[in-house]
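Trainee: If you read the protein sequences in the order shown, they are chains E and W. Once you know that position 101 of the first sequence is 100 in numbering that gives the first Met the number 0, the rest is easy, because the numbers rise by one and skip nothing. Once you know that position 50 of the second sequence is 49 in numbering that gives the first Met the number 0, the rest is easy, because the numbers rise by one and skip nothing.
A portion of the hints provided could be inaccurate.
[Unchecked claim] Cross-link-like lysine to aspartate or glutamate pairs, in silico, EDC-like; alpha carbons within 20 Å at most:
no.	chain 1	residue 1	chain 2	residue 2
1	W	K38	E	D53
2	E	K118	E	E73
3	E	K118	E	D66
4	W	K38	W	D7
5	W	K38	W	E27
6	W	K38	E	E73
[What the hints assert, rightly or not] The calculated label-pair distances, taken between Cβ atoms and stated as ranges, are:
no.	chain 1	residue 1	chain 2	residue 2	range
7	E	G25	W	G80	46 to 56 Å
8	E	E110	W	E42	24 to 34 Å
9	E	R89	W	Q46	33 to 43 Å
10	E	T114	W	S121	42 to 52 Å
11	E	C77	W	L119	47 to 57 Å
12	W	E42	E	A18	38 to 48 Å
13	E	A127	W	N89	50 to 60 Å
14	E	A117	W	H79	46 to 56 Å
15	E	S94	W	H35	39 to 49 Å
[Unchecked claim] From chain E, some residues computed to sit far from chain W (all C-beta separations above 12 Å):
no.	residue
16	A8
17	A49
18	R80
Treat the hints as calculated values from the structure; they're not laboratory data. Glycine included, each C-beta is placed from N, C-alpha and C at the ideal position.
Chain by chain, the residues run as shown.
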Amino acid sequence: MDRSGPASAYWPITDDLSALRGLVRGYAVQAGLDGVRLQDLVLAVNEAAANVLDHAHGEGHVQAWHDDRYVTVEVHDCLGRLVPAHADRRNPGVSTLRGRGLWLMQQLCDEVRITRDAKGSAVRLRQAIEGMAPPA
Amino acid sequence: MNFTVHVDGASTADAHPSPVRILVLTGELDHGSAPHLQKVLEEAYAQQCRHLIIDVTGLAFCDSTGISVFLGARRALAAHGGSVALAGLNSRVQRTFRLTGVADAFPTYPTADEARAAILAS
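For reference, chain E alone in the conformation it holds in the complex (with noise of 0.2 Å):
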């Protein structure tokens, strides 16, 4: 599979997250990503990306990048309540009714992180590349 597309792409969040997706989806298969681990991490955006709408008044962007054994996205928001200790979110039960995103992004990637700066938060989802080496 040709991997040499662009290394790195940038997307505003806004409302529309289904065009969102299709980005992400675009960008994850042209860097090798396919079949359920590539709908995982599509998922797992859209979660990270509905939280910006929801809890930081819809601002934001989406980052991603990839080498050729991992593919990486960071969903930023400009208000920073995010923190890492969040990514330690237990899974809320039937009982509730909203408040599952983040416990859903880690059963979907491999690597999910909170990170935070004068800027903002950040959730970095990270989904390995099936068939490449394991990281050394």
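Dock chain W against the given chain E, drawing on the hints supplied.
Mentor: Frame of chain E, contents of chain W only:
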């Protein structure tokens, strides 16, 4: 992709509306389209719908916002002795339900007809 909800069993001319209603979902259920489903559900509650069958055969995508709406329907109808069943889960939607930990919250059937038969027999 668009999201549509087709409502089956909602004849307003019927003096005794069916307590079982089927919603056929098509397309992508997400943060943007979930409010539309919520509105249809509230119309169903207002028309004394007790048992809801959500046919997701044509659902290409469902995120946690969509699952929240399903759980809300389950709660609203359970309060009046009703229920929510899901019909026609494809492998993708099934995986999302399972990973979210809500797969066991809903009875599931291969088709809406089978779901309806099971509800009417109970």
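Trainee: It remains to establish, for every hint, whether it holds in the given structure.
Mentor: Here is how each hint holds up against the structure:
Our distance criterion of 20 Å between C-alpha atoms is met by W:K38 and E:D53, whose separation comes to about 19 Å. Simply put, E:K118 and E:E73 have alpha-carbon atoms about 14 Å apart, close enough for the 20 Å limit, and the pair holds. Between E:K118 and E:D66 the CA atoms are separated by roughly 26 Å; this puts the pair beyond 20 Å, and the hint is violated. The suggested pairing of W:K38 with W:D7 holds, with an alpha-carbon distance near 15 Å, which does not exceed 20 Å.
A distance of roughly 16 Å separates the Cα atoms of W:K38 and W:E27; the hinted pair therefore holds under the 20 Å criterion. Only pairs whose Cα atoms come within 20 Å are accepted, and W:K38 paired with E:E73 is rejected, the gap being roughly 33 Å. Range check, E:G25 to W:G80: Cβ separation about 47 Å, and the 46 to 56 Å hint holds. Here the CB-CB span from E:E110 to W:E42 is close to 43 Å, at odds with the stated 24 to 34 Å.
Between E:R89 and W:Q46, the C-beta spacing of about 38 Å keeps the proposed range 33 to 43 Å intact. For the pair E:T114 and W:S121, the beta carbons lie near 51 Å from each other, so the given range of 42 to 52 Å is met. Checked against the hint of 47 to 57 Å, the C-beta distance between E:C77 and W:L119 comes to roughly 52 Å, which is consistent with it. For W:E42 and E:A18, the Cβ-Cβ distance of about 29 Å falls outside the hinted range of 38 to 48 Å, so the restraint is violated.
For the hinted restraint 50 to 60 Å between E:A127 and W:N89, the CB-CB distance of approximately 25 Å leaves it violated. A beta carbon spacing of about 51 Å between E:A117 and W:H79 agrees with the range 46 to 56 Å that was offered as a hint. Take E:S94 and W:H35: their Cβ atoms lie about 25 Å apart, and the range 39 to 49 Å is violated. Annotated as non-interface, E:A8 keeps its C-beta farther than 12 Å from every C-beta of chain W; the closest such distance is 21 Å.
E:A49, annotated as away from the interface, has a beta carbon of chain W within 12 Å; the closest lies near 4 Å. Distance check on E:R80: its Cβ is at least 18 Å (rounded) from any Cβ of chain W, clearing the 12 Å threshold; non-interface status holds.
This entry does not satisfy hints 3, 6, 8, 12, 13, 15 and 17, going by the numbered hints stated previously.
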